[in-house]
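Position chain B against the provided structure of chain A, taking the given hints into account.
Chains A and B, in that order, are what the protein sequence lines are. All residue numbers for the first sequence refer to the working numbering, where the first residue is 27 and numbers rise by one. All residue numbers for the second sequence refer to the working numbering, where the first residue is 27 and numbers rise by one.
One or more hints might be untrue.
[Said to hold, decoys possible] Derived DSS-like pairs: lysine-lysine, alpha-carbon spacing no greater than 27 Å straight-line:
#1 A:364 / A:450
#2 B:106 / A:136
#3 B:364 / B:278
#4 A:278 / B:243
#5 A:278 / B:115
#6 A:278 / A:364
#7 A:243 / A:278
#8 B:72 / B:115
#9 A:72 / A:154
#10 A:106 / A:136
#11 B:278 / A:243
#12 B:106 / B:243
In case anyone wonders, no lab produced these hints; they're calculated from the structure.
Number of protein chains: 2
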Amino acid sequence: MNTVVCVQGLGFVGSAMAIACARAVGNLGAPAFEVIGIDLPNEQGKARIDSLNRGEFPFASTDSSLIEETRRAAHRGNFKATSDSTVMKRADIVVVDVPLDIDFDQPTPKLVLTPFERAIATIGEHAKPGALVVVETTVPPGTCENVVLPILRQSAERRGIQPFALAHSYERVMPGEHYLESITSFWRAYSGIDDDSARRCEEFLTKVIDTANYPLKRLSSPTASETAKVLENAYRATNIAFIDEWGRFAEKANVDLYEVIDAIRVRPTHNNIRQPGFGVGGYCLTKDPEFAAIAAREVLGLGNQDFPMSELAMRINRDMPLHPLRLIDANLGGLHGKSIALAGISYRQDVADTRYSPSQTFVESAEREGATIHCFDPLVQHWDELDRPVLNEMHQCPDVHAVVFAVPHREFRAIEPHAWLGGKTPLIVDANDCLSAEQLGAFAAAGCGVHKVGRGLVSDGAGA
Amino acid sequence: MNTVVCVQGLGFVGSAMAIACARAVGNLGAPAFEVIGIDLPNEQGKARIDSLNRGEFPFASTDSSLIEETRRAAHRGNFKATSDSTVMKRADIVVVDVPLDIDFDQPTPKLVLTPFERAIATIGEHAKPGALVVVETTVPPGTCENVVLPILRQSAERRGIQPFALAHSYERVMPGEHYLESITSFWRAYSGIDDDSARRCEEFLTKVIDTANYPLKRLSSPTASETAKVLENAYRATNIAFIDEWGRFAEKANVDLYEVIDAIRVRPTHNNIRQPGFGVGGYCLTKDPEFAAIAAREVLGLGNQDFPMSELAMRINRDMPLHPLRLIDANLGGLHGKSIALAGISYRQDVADTRYSPSQTFVESAEREGATIHCFDPLVQHWDELDRPVLNEMHQCPDVHAVVFAVPHREFRAIEPHAWLGGKTPLIVDANDCLSAEQLGAFAAAGCGVHKVGRGLVSDGAGA
Chain A
27 MNTVVCVQGL
37 GFVGSAMAIA
47 CARAVGNLGA
57 PAFEVIGIDL
67 PNEQGKARID
77 SLNRGEFPFA
87 STDSSLIEET
97 RRAAHRGNFK
107 ATSDSTVMKR
117 ADIVVVDVPL
127 DIDFDQPTPK
137 LVLTPFERAI
147 ATIGEHAKPG
157 ALVVVETTVP
167 PGTCENVVLP
177 ILRQSAERRG
187 IQPFALAHSY
197 ERVMPGEHYL
207 ESITSFWRAY
217 SGIDDDSARR
227 CEEFLTKVID
237 TANYPLKRLS
247 SPTASETAKV
257 LENAYRATNI
267 AFIDEWGRFA
277 EKANVDLYEV
287 IDAIRVRPTH
297 NNIRQPGFGV
307 GGYCLTKDPE
317 FAAIAAREVL
327 GLGNQDFPMS
337 ELAMRINRDM
347 PLHPLRLIDA
357 NLGGLHGKSI
367 ALAGISYRQD
377 VADTRYSPSQ
387 TFVESAEREG
397 ATIHCFDPLV
407 QHWDELDRPV
417 LNEMHQCPDV
427 HAVVFAVPHR
437 EFRAIEPHAW
447 LGGKTPLIVD
457 ANDCLSAEQL
467 GAFAAAGCGV
477 HKVGRGLVSD
487 GAGA
Chain B
27 MNTVVCVQGL
37 GFVGSAMAIA
47 CARAVGNLGA
57 PAFEVIGIDL
67 PNEQGKARID
77 SLNRGEFPFA
87 STDSSLIEET
97 RRAAHRGNFK
107 ATSDSTVMKR
117 ADIVVVDVPL
127 DIDFDQPTPK
137 LVLTPFERAI
147 ATIGEHAKPG
157 ALVVVETTVP
167 PGTCENVVLP
177 ILRQSAERRG
187 IQPFALAHSY
197 ERVMPGEHYL
207 ESITSFWRAY
217 SGIDDDSARR
227 CEEFLTKVID
237 TANYPLKRLS
247 SPTASETAKV
257 LENAYRATNI
267 AFIDEWGRFA
277 EKANVDLYEV
287 IDAIRVRPTH
297 NNIRQPGFGV
307 GGYCLTKDPE
317 FAAIAAREVL
327 GLGNQDFPMS
337 ELAMRINRDM
347 PLHPLRLIDA
357 NLGGLHGKSI
367 ALAGISYRQD
377 VADTRYSPSQ
387 TFVESAEREG
397 ATIHCFDPLV
407 QHWDELDRPV
417 LNEMHQCPDV
427 HAVVFAVPHR
437 EFRAIEPHAW
447 LGGKTPLIVD
457 ANDCLSAEQL
467 GAFAAAGCGV
477 HKVGRGLVSD
487 GAGA
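Just chain A, with the same shape it has in the complex (with noise of 0.2 Å):
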């Protein structure tokens, strides 16, 4: 009899770990697991799982192997994707990946924990008794053994069965070319509240993941492995917002950063140094450094405990898309009246993603101060977070009085700047190493003004 799988939610994480347990190998090369996917019954939710029953990744992706991976899970005949929680009835370990939000928009950021609460109580309604919770959404520090923990445990109890094993594990998903690969061949840290849980959760790992080249890490508690995934992704924040001070002073001081930063990281101590950029989007950089001090106040009972690296990190990165507003501010005297083209939307380069991205703050700045935005992106068709259509073709554009190189999208590097232009100057402001050297150049000869961020005037445009 297959061990079964149920991985709880189907968003960007759940849907590809899903595929990651169908595609997992067990003895005589079979099938290690029968997985079932399970979204609400929302239009959202529906969506997913006709999409994923059809042999279609939901989201828009890259990565072609997990593509054909989704496309075979669905015609193997161990993977189907449901909204009916009832079939947890029959898991043996059930991968939590429900989404954990706060609302920024209180005086003081709060967790949105109901719909998550919801989830974990779904679980201990259906799931087979004694089953193997293993919790891979990103949490507060200390929610597996004060939240997860107490709501299965009276599950258990009301249902009078034997209690749930409960471990935590948390993913590196990177989105992009190598989206699938990031979930089963990179290192992974997990943790359970007993050492059966540990044992069990270690054992499932080694199934989906290539533990072989990349060990696994086993922490002493929920708590510490929760910790580390919110630390992790605060370290990389605070990365991303330390060059930045750096990026304006080269400006100004008439350095290119970015020979700076090779010249740096050939240190081993000092290869995690940034290059500057347009911010930092996605769900998880712009979130997750806030968990630790909301998991002080509100579930590990701590009362406030400062995190001034982290916070700062986060109020730099969110105004971080405003440096180039202000740069095209001061080279048209001014954004009233003025049209700039904004070429990528996604937060990150090569994804479709546009999730929480820097551009939302850039477009929404620039036209409370009266300038008009038309968007390009290689990658997305539509703008979900703020319901705008999105040219994929920069040769629709009209003409503009500057154009935003904001996310350093391969086509972008594709560009022939004469035949782009045609023979219109706008000014250029590259803003995320999106162009080279040359493009640069060739913006320059074709009488662009032309600037980037972390390196200043490449060109005042009266060079032509």
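For chain B alone, coordinates are given in the frame of chain A:
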């Protein structure tokens, strides 16, 4: 005729650089350079000069190869040290290793530029026409172009000689066991005020450094390479500061942050993450992050530039040693009248350097609050900055209420807690991951309260 290299300033960097140059091998295995070390004709300078001429490295060092190479240099006949700057008339190359300090006691930190300018003027006055000047000193970005170059130009004009070449190439010296190697077997960036200067600097460095394994990186301008140096130290200081808030959180959340960090460090994008510690000391990390802001105001004429992350990092690092002090305060119910042994007063493990040590902050604050501090350090005989004696053997320690391990000297890992305690049960605070888990356990078993920074209470001392 040999190429003559003068090294100006025989401090921690200049002394080691002079030895590295003296060791450099040219064609046919002969020494590449005749090296003359120059320092000021004051007491400190003369002591260093005499020491080097005797074949003794003028600072306590655990680097046996540096000690041996200093001895060899004195006997090989291609090295001498002197306080007579007129020897520069023979110099083909002058390497500048004189200090450039910041006065942090001003309302706004201010550059102490005069001694540095005087040193450059001395070169201009005496150096051989057309000599190459290589500035190794960490300076505010813009200093070579805006301070050094005008002085050298003026001198050459006044003397009616060929102008000097000028390059900047910063050192990445790391005191400790691999002190000399950190000069000769490590990556270097460099730059010149013109192509000839850069080329000659490259030729010089190629003889001193193992550039086959550690290729040189040429930057576009001295300002770029000056920026690289202060940026990399600001990056390091920021990474150290970042983890502080997480250590405090971990202590309260009952998480061992060290195991968490171990799990995070496997990620190549996160391998620079630091662990909690006692603070930041030494000549570089305590001041270098300030240099860009100072450069903007005093050297580049850019006015006030904000460096919020770097400023916050320096503040957090300065206050870091106060955290273990507060732990002791809380554990002992106040500091007044308490005696504390401070184990480790240098700023770094396995070095004797006490410059700007965080231990100084600890001692001064503790004594201000009425505690008595007994200082230990296996490597330091006398604490020059505080002008007080240092105990070298732990058994010389009188009865104290608490012992703080502040520096992870290897000697501390050899302590056998039971024997060392001799029946006493002071509070043990491991503030810098100085002790092994076994040692912490043994201190606890002996009846000591044990607290580890970044982990929390290991034992309340009641479990003996």
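* To do: Against the structure, test the hints numbered earlier, and report the numbers of the ones violated in rising order.
  => Failing hints, ascending: 2, 5, 7, 10, 12.
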